[in-house]
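Asks: Residue-level listing of the chains:
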Amino acid sequence: DARVTQTPRHKVTEMGQEVTMRCQPILGHNTVFWYRQTMMQGLELLAYFRNRAPLDDSGMPKDRFSAEMPDATLATLKIQPSEPRDSAVYFCASGLEESEQFFGPGTRLTVL
Amino acid sequence: GQSLEQPSEVTAVEGAIVQINCTYQTSGFYGLSWYQQHDGGAPTFLSYNALDGLEETGRFSSFLSRSDSYGYLLLQELQMKDSASYFCAAYTGGFKTIFGAGTRLFVKA
Numbered sequence: 001d002a003r004v005t006q007t008p009r010h011k012v013t014e015m016g017q018e019v020t021m022r023c024q025p026i027l028g029h030n031t032v033f034w035y036r037q038t039m040m041q042g043l044e045l046l047a048y049f050r051n052r053a054p055l056d057d058s059g060m061p062k063d064r065f066s067a068e069m070p071d072a073t074l075a076t077l078k079i080q081p082s083e084p085r086d087s088a089v090y091f092c093a094s095g096l097e098e099s100e101q102f103f104g105p106g107t108r109l110t111v112l
Numbered sequence: 001g002q003s004l005e006q007p008s009e010v011t012a013v014e015g016a017i018v019q020i021n022c023t024y025q026t027s028g029f030y031g032l033s034w035y036q037q038h039d040g041g042a043p044t045f046l047s048y049n050a051l052d053g054l055e056e057t058g059r060f061s062s063f064l065s066r067s068d069s070y071g072y073l074l075l076q077e078l079q080m081k082d083s084a085s086y087f088c089a090a091y092t093g094g095f096k097t098i099f100g101a102g103t104r105l106f107v108k109a
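If you're matching them up, the sequences are chains A and B in order.
Residue numbers for the first sequence follow our numbering, so the first one is 1 and each next one is one higher.
Residue numbers for the second sequence follow our numbering, so the first one is 1 and each next one is one higher.
Just chain B, with the same shape it has in the complex (with noise of 0.2 Å):
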């Protein structure tokens, strides 16, 4: 079967540095989204990976590799508003994306 796991909770304090791991196994793998979603809201788009290595972008930086099927999400500088659900999502072709069950990040003061 085809499924991605990650924690299902992580907490942190504000202004630290958390690090959310993913781990995938699917039939087929063209790369690794990261979606923030807070509650009540929809999911919104962070980052993608299609090679090996470290993206980064502002404050949250993403990181693949494909040998091991893994991923994480970095978030540094946490601030509060950071606190809402991680999906890591694995594109495996044919536009069809797979999503992991989310992260749950609270952060607190």
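Next comes chain A alone, as it looks inside the complex (with noise of 0.2 Å):
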């Protein structure tokens, strides 16, 4: 059944290393968000994409984050550097329509 893929699950890196985080969303869907799930912050909207074209980074420190779709079967999000106050599960999610949408199962990034 299609479902959203990511890679990788579980990721533990040192401050200061390039973590990137890849996503398939569900073929078809033309829309591709990534989100960020701490505790304190709940589910944050990093960026979307509609078309593969970015609509919206605003969530996105820009310093450190970037997010691209390079073509419409993959997502990437990358931080460089990496910090500790980035661990957190980071969600893709991708849709027809807005008020639905199919999420991964994330990626869970531990940074020391």
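Hints may be right or wrong, so weigh each one.
[What the hints assert, rightly or not] Distance condition first, Cα-Cα at most 27 Å in a straight line; then the derived DSSO-like pairs of lysine-lysine: (1) A/Lys78 - A/Lys11; (2) B/Lys96 - A/Lys78; (3) A/Lys62 - B/Lys108.
[To be verified] Residues from chain A that face chain B, not an exhaustive set, calculated with beta carbons under 7 Å: (4) Leu43; (5) Arg52; (6) Ala53; (7) Asp57; (8) Glu98; (9) Ser99; (10) Gly106.
Derived by calculation from the structure, the hints in this document are not laboratory data.
Heads up, the beta-carbon is just placed ideally off N, CA and C, and yes, glycines get one too.
Hints given; two lone chains; assemble the complex.
Replies: Right, here's the structure in full:
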């Protein structure tokens, strides 16, 4: 069955290292979202794309975070350099209608 | 600012009915969605209301009142597996969705 996939599922890295998270949206979905979830802040929208074009990345710290969609089957979220405060679960979601988003399993990031 | 308010925790007994409320304040509003998230899992879509009124999907129903900036999720015939976090989310236009902080539901035997 169709689902959003994310890699890696878990990532432990040291402060200052680059982290790249990947997402494969459901085939045919034209909207892709990146969220970050922490206990303190809940689910925060970082960036989203429509037909591969970035629509809004105002939720992302611009100095260290970047999001791209090199093609319709791949979305990436990069953090460089990573910091301990970036530790969180990062979710990718895709959809056709804004009202319903299909979430991937998430990448649990720990920055030491 | 834009915000959604929902209770942090709700406890109910198996077989009972529980209502999780959500009030929103957004600069634009097109509809309210509800998502369920089990511990360690990803949010999964439950329902969406664009118009005032009640939408029913099996044991779950969702209600919206645009004039009151208010909605709720109603869970009937509670089961232990319904123990999870429930998020309301406002679609504010331009494909942007803002999530509430979530309500943790504990179902007791």
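Asks: Which numbered hints does this structure break?
Replies: 3, 5, 6, 7
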